[in-house]
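Position chain B with the ligands against the provided structure of chain A, taking the given hints into account.
There are 2 protein chains.
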Amino acid sequence: MREVLLSTGDRVVLYDTSGPYTDPEVETDVRAGIAKLREPWIAARPRRTGSQDTQLSFARRGEITAEMEFIALREGVPVEKVRDEVAAGRAVIPANVRHPEIEPMVIGEAFLVKVNANIGNSAVTSSIEQEVEKMVWATRWGADTIMDLSTGRDIHQTREWILRNSPVPVGTVPIYQALEKVGGKVQDLSWEVYRDTVLEQCEQGVDYMTVHAGVRRDYVPLTARRKTGIVSRGGSILAAWMIAHGRENFLYDHFGELTAILREYDVTYSLGDGLRPGSIYDANDEAQLAELKTLGELGRIAREQDVQVMIEGPGHVPMHKIRENVELQKQLCDDAPFYTLGPLTTDIAPGYDHITSAIGAAMIGWYGTAMLCYVTPKEHLGLPDLEDVKQGMIAYKIAAHAADLAKGHPGAQAWDDALSDARFEFRWEDQFNLALDPQTARSFHDETLPAEPAKQAHFCSMCGPHFCSMRITHELRRMNDAEDAAGVVG
Amino acid sequence: MREVLLSTGDRVVLYDTSGPYTDPEVETDVRAGIAKLREPWIAARPRRTGSQDTQLSFARRGEITAEMEFIALREGVPVEKVRDEVAAGRAVIPANVRHPEIEPMVIGEAFLVKVNANIGNSAVTSSIEQEVEKMVWATRWGADTIMDLSTGRDIHQTREWILRNSPVPVGTVPIYQALEKVGGKVQDLSWEVYRDTVLEQCEQGVDYMTVHAGVRRDYVPLTARRKTGIVSRGGSILAAWMIAHGRENFLYDHFGELTAILREYDVTYSLGDGLRPGSIYDANDEAQLAELKTLGELGRIAREQDVQVMIEGPGHVPMHKIRENVELQKQLCDDAPFYTLGPLTTDIAPGYDHITSAIGAAMIGWYGTAMLCYVTPKEHLGLPDLEDVKQGMIAYKIAAHAADLAKGHPGAQAWDDALSDARFEFRWEDQFNLALDPQTARSFHDETLPAEPAKQAHFCSMCGPHFCSMRITHELRRMNDAEDAAGVVG
Ligand code: SF4
Ligand code: SF4
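Chains A and B, in that order, give the protein sequences. When we follow UniProt numbering, the leftmost residue of the first sequence carries the number 1, and every step to the right adds one. When we follow UniProt numbering, the leftmost residue of the second sequence carries the number 1, and every step to the right adds one.
Warning: the hint list may mix true and false statements.
Each computed DSS-like pair below joins lysine-lysine, with the alpha-carbon atoms no more than 27 Å apart [stated by the list, open to error]:
id	chain 1	residue 1	chain 2	residue 2
1	A	K455	B	K227
2	A	K227	A	K293
3	A	K185	B	K455
4	A	K227	B	K455
Hints are computed from structural coordinates only; laboratory data are not their basis.
If we strip away everything but chain A, and leave its shape as in the complex, we get (with noise of 0.2 Å):
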């Protein structure tokens, strides 16, 4: 939690997901670490024979445990509602028992909206290095989860380093490092390969993993009539195996065994979108309805070992599609937390697809999405630097914030209160200090009028002092007052 001091002598309280690098007294060091938050807690568990416990076992035999109580106090919330929305498969806890460092967190319609940023590198450009610094820079911004999609050199050294100074969940796409293994070879892969990288991951201490186990065989004829085919990069990949191999999805095939793997780490199930449409014109058609019946299958069968689920969303979506996402997904999925990537609500607009999305975000996060994978200005044109990280960001929290404002969501109209409070007070340094982004509020009020008084002013240089709306209604106010007071009726 972030406490914002006004200079009223009140304090606002926002959640915060920065950890301890915006925590003055606490000293970080890449080469160590960040404290591991959890070793205590998954230390003083009893582990029960055959098989590890899932915060979906606990909450399902009414445990509490502690990672709901900080999820509890987090939200707001009662640690009953939290327990028993992850009992009903409603909501997830992604929380590896091998990532101690993490601050645990919710997913689920009834909670705040999350945002999902996505980093890694690929094999054209980035370093470790700047992945751990956008991982940092992600969180700073508001990141609940991020998502390490290195594709390129040192996949496992790369994870290593964001897994250990992460204080949010990291999720992960496990195809990608097991076609790295096999030398960028689709044919090569086999079940065999994808266990091991798995495995692999899960004793790293990886939160959540994607996994397109419902790219069916039978699926990929159905989009080839599409404008864009298939976009998701596992999709394809695993598309292209059925078809090189003349078989079934090796992943739907061993769906069981998998499961099992990740029940042993508390490993969580994002189960991914591989048919999700990458166009308008491919929204909602049947490639990614197929595949969404299937995604609800899988979220039974995984649920019933006890593992928790999420089900992965569109993609390029026009607006009036998007609550029929929301609606299918939750009837197929048994209300699964949905998490989506935007939608784009249209493709013109390359280089502001963060805004694109933010509109489809919103809405869909209003509709009951509980977790947003942002979209950064470079989507289709190139990997993310860490201006784009913010970018996506700060569209993504906004789009999160107004979807908490749409739902309803206690609390959340208290932070837009704190602020129009001090806007309308013309307390300028209140209304910088609330704002998502302070220092570009800050710089953008100062770029016309940067002197010190200006930041008591009744104006600023949108209107101008005598046409400040703000300052004429507290003249009218006063107006009105007077008046009262000398008993004539205005």
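This is chain B with the ligands only, laid out in the frame that chain A set:
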């Protein structure tokens, strides 16, 4: 219209508002003004005795004007539809008979969603040349109308330059200049000063005027318990005047007279929402809705005199309260075109209100709003500069186009489809040229892969060559074709 020539030889035709400024064959001279497209049309019209015809009176008599023909071509709709929507009061064609320079356009739910850009100096900053430059710049990025909100020095002169050089209709808020005329003293305002100001602006060629005639004396106390009072400049000025004088709004009292003046020039009313909410807390409150009802009544009076009418709307509104705004406006204002500012869907992000409001703008456009007034990143903080104008325009063109798609506007999706085709076929140059902002799209791509061959490459730096899902899709389609040819069913 703008034609984009693709590398395939195909052409994509896009709606364009930039007039002669982007036509390489036309030289423009800001001192001479641009060509007077409408001059012969206006000259050829018979003047009826007693009073000037308006687009509305023509339409009501079933007559088709040259403006309607021009618009029908631009919008790709039958001219009868333009006429009928205008006749019904569901659409307006803001086109002062004294403003021959504009390329006519229509504002109505049945047509493409339009975007207005506010420009104009304030007492604190900016010059005439800068404001003309902003106007040209705003239309370059797609502004369908511009409002000159100048409040500083040289209001008349600034407006003259803008009018003589603008290819799009120009709106104003006459109370601003009226207030400057009385030295900024609200209590010295009068109907006479206001009327003379309106006449001066009508003569100059202003196409539509924001008139806050709906801020009635009885509504001011309804704002007392608001978080942010009255945030419309015009609204706060008139409220202060009413309290100072203990009298009804002079715009309400003289509305018939004012309407007669506007009719003479075919100036369109934009009935201002002086009591729009300035914060999430104040959204859809009693003050706002009381005024809206009055705007509906005033609209009926104006249309009886054949004066065209738009209705202005909020402001700050959380997502779940947006639809109610549109439904009430339609019902109370007889489907007159709605023209909204944003709305901002949260207050927490000063510096990014082009994004907080693009979310609301896209949604309200989908629900039926005819024109969106842009919000720039400087909202609440200062006067926008050229870069802010561009960022505001782009966010709003995205919102308007997303709304056109969601409304199922015929032809809207062709743009998305052309861009998605180019993307899937790795025609990078076509993708850039079709983008809303080609320069930015190209420069983002080139940041990591600047070399010329990368413009044909079947990947970019986002996923890299091994993981480019679109490249893999092409490969699997080839594999599939090979199998089909060999008689092996995949
Ligand atoms: S001048 Fe305008 S934007 Fe600035 S504080 Fe006053 S009302 Fe707000
Ligand atoms: S590398 Fe990724 S972002 Fe780039 S063209 Fe291929 S699929 Fe699109």
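Enumerated hints in conflict with the structure, sorted upward: none
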